[in-house]
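Undergrad: Start from chain G and add chain Y according to the hints.
Heads up: the sequence lines are chains G and Y, in that order. All the letters of the first sequence, read from the start, carry residue numbers 1 to 88 under this note's numbering. All the letters of the second sequence, read from the start, carry residue numbers 89 to 455 under this note's numbering.
The hints are simulated quantities; they were obtained by calculation from the structure and are not laboratory data. From a predicted model like this one, the values you see are computed outputs, not experimental measurements. Hints should not be assumed to be uniformly reliable.
[Said to hold, decoys possible] Okay, derived cross-link-like pairs now, EDC-like style, lysine to aspartate or glutamate, Cα gap no bigger than 16 Å in a straight line: (1) K61(G) with E380(Y); (2) K298(Y) with D65(G); (3) K61(G) with D371(Y); (4) K298(Y) with D66(G); (5) K298(Y) with D70(G); (6) K400(Y) with D43(G).
[As the list claims (entries may be wrong)] Label-pair ranges, simulated between beta-carbon atoms: (7) T91(Y) with G40(G): 50 to 56 Å; (8) M261(Y) with D33(G): 37 to 43 Å; (9) T68(G) with S280(Y): 29 to 35 Å; (10) A85(G) with K226(Y): 55 to 61 Å; (11) P63(G) with A150(Y): 27 to 33 Å; (12) P63(G) with R213(Y): 47 to 53 Å; (13) D33(G) with S425(Y): 31 to 37 Å.
For glycine and all other residues, C-beta sits at the position ideal for the given N, C-alpha and C.
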Amino acid sequence: MNLDTAAIVAAIQAQVIALADQMGIDASDLGADDLIPATGYIDSAGLLELIAWFEKTYAFKVPADDLTIDHLGTPASMAAYVRRAKGL
Amino acid sequence: MATAVYVPRVNNNDDEVKLIELKAAVGQAVAVGDVLGVVETDKAMVDIESPAAGFVLAVRGAEGDTVTVGTVLVWLGATADEAAPAEEAAADTDTAATAAPTAKALALLAQYGLKAEHVPASGARLSAEDVRRHAAAKGLKPKTAAPATPASAYPPPQEPGKAVALQSHERGMLHTVSWQRDVAVPGYIEVSYDHPAWEAHANAVSQQHKLLLSPLLPLMAHRLVELAAKQPRYNATLVGEQRHEYAQVNLGFTVQAGEVLYLAVVRDAAAMAPMAFVHHLVDLQRRAAAHELLPTELQGATIGFSSMSRWKVERHVPILAPNTALMVAHTVAPDGSGVLAATYDHRVLHGGDVATLLRKLSQPPKD
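Extracted from the complex, chain G is given alone in its bound form (with noise of 0.2 Å):
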């Protein structure tokens, strides 16, 4: 697993992109900080898709409290947040 932040950011992405695909939607243009529940490319349930993927990929899981647009909003602080929780 390659926990360099510009990887994860383009796992995220790409999981995104796939999300958005099965409902018909072209999300290949989301960069690293856009606000992914603010693009509309994927609604609350692609988001509970993303979180579980996410929690799976890294191997870890994401306390309730965390699911802010703070911690886990865009790409980029994602991949930050991921980073924290590895101790990285």
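TA: Chain Y alone, transformed into the frame defined by chain G:
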């Protein structure tokens, strides 16, 4: 082979007992002598002990239920993944009904060549389900086809193909739709709702708490819980000729996780403040998305809420969860108009009840 644990007879005169404590949960490992539940009558309380070591495959009751002596309370298996039998047999023919059979039950009695006094009733009247359960336990086959049962009214497919066993969630859905077809008398009503007002309310809550996930649907579900808590008729089912009003509101909320549709249950939801409810429901949703819900979190719904706004459908007619009288359906059509609808059990609710509830639900609460 699965082992049945039956509801015991406590007093000679009591054909029903109250299940005051349930200690068995699906998937749980048990040893001989473990207490699976406690039942009581006016005169005594009795522990129900496990007759065998194994795993709990199914539980046929909930705490507070009135259960019939001789019916199965728990199915045990040697392994946790064994399938529980779909139908359970009455163990004690002393419970045979003297209650009047329903019209459907009468028709089925004739088809199976049975007499009403030989079939135990689960409620005040002998129901078609009672007859089917008894016939299945005895291994009886109908002498004539059952006209009220579409599945038996049609021949099996004649074209070649292969039989694929249903997965557990598919069997659950089959049970749900069969309950609605065989037991409930479903009606359907829909109204438009003020989507912009609800969305503005949800956005304000989301910004205040910096939520990652939109709280719109959880807030609407919580409003439904509040309304059901004030009017118990919404949070009820029919048992025999009595309306069983549940002691607490257990909100079932549909969650689509890949190909699996869960009904995640928030127990005693009316006791929760709105934000506590939102956090709890979001936690259930995320664990459903990861297929990590506990069996107990998928049981005991007393009322339901379902949304297909994700698919931008203009209408969807939901199926009632077994032993509920109301399933609210939400969607937002492609033109942005909001629709609130409900499937309801007409034996418990009438159209005016449901329309009134949907109208109240169509506006966010005034803070």
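Undergrad: The structure should be examined with respect to each hint, and the outcome stated for every one.
TA: Evaluated hints:
1. K61(G) with E380(Y): holds (12 Å)
2. K298(Y) with D65(G): Holds - the C-alpha atoms of D65(G) and K298(Y) are around 11 Å apart, at most 16 Å.
3. K61(G) with D371(Y): The given pair, whose Cα atoms are some 12 Å apart, holds under the 16 Å limit.
4. K298(Y) with D66(G): The hint holds at about 10 Å.
5. K298(Y) with D70(G): holds (7 Å)
6. K400(Y) with D43(G): Satisfied, since the Cα-Cα distance of roughly 12 Å is no more than 16 Å.
7. T91(Y) with G40(G): 50 to 56 Å: holds (53 Å)
8. M261(Y) with D33(G): 37 to 43 Å: holds (42 Å)
9. T68(G) with S280(Y): 29 to 35 Å: holds (33 Å)
10. A85(G) with K226(Y): 55 to 61 Å: Holds - the Cβ-Cβ distance for A85(G) and K226(Y), about 59 Å, lies within 55 to 61 Å.
11. P63(G) with A150(Y): 27 to 33 Å: For P63(G) and A150(Y) the Cβ distance comes to about 30 Å; the hint holds.
12. P63(G) with R213(Y): 47 to 53 Å: holds (51 Å)
13. D33(G) with S425(Y): 31 to 37 Å: With a Cβ separation near 34 Å, D33(G) and S425(Y) satisfy 31 to 37 Å, so the hint holds.
Violated hints for the displayed structure: none, as all numbered hints are satisfied.
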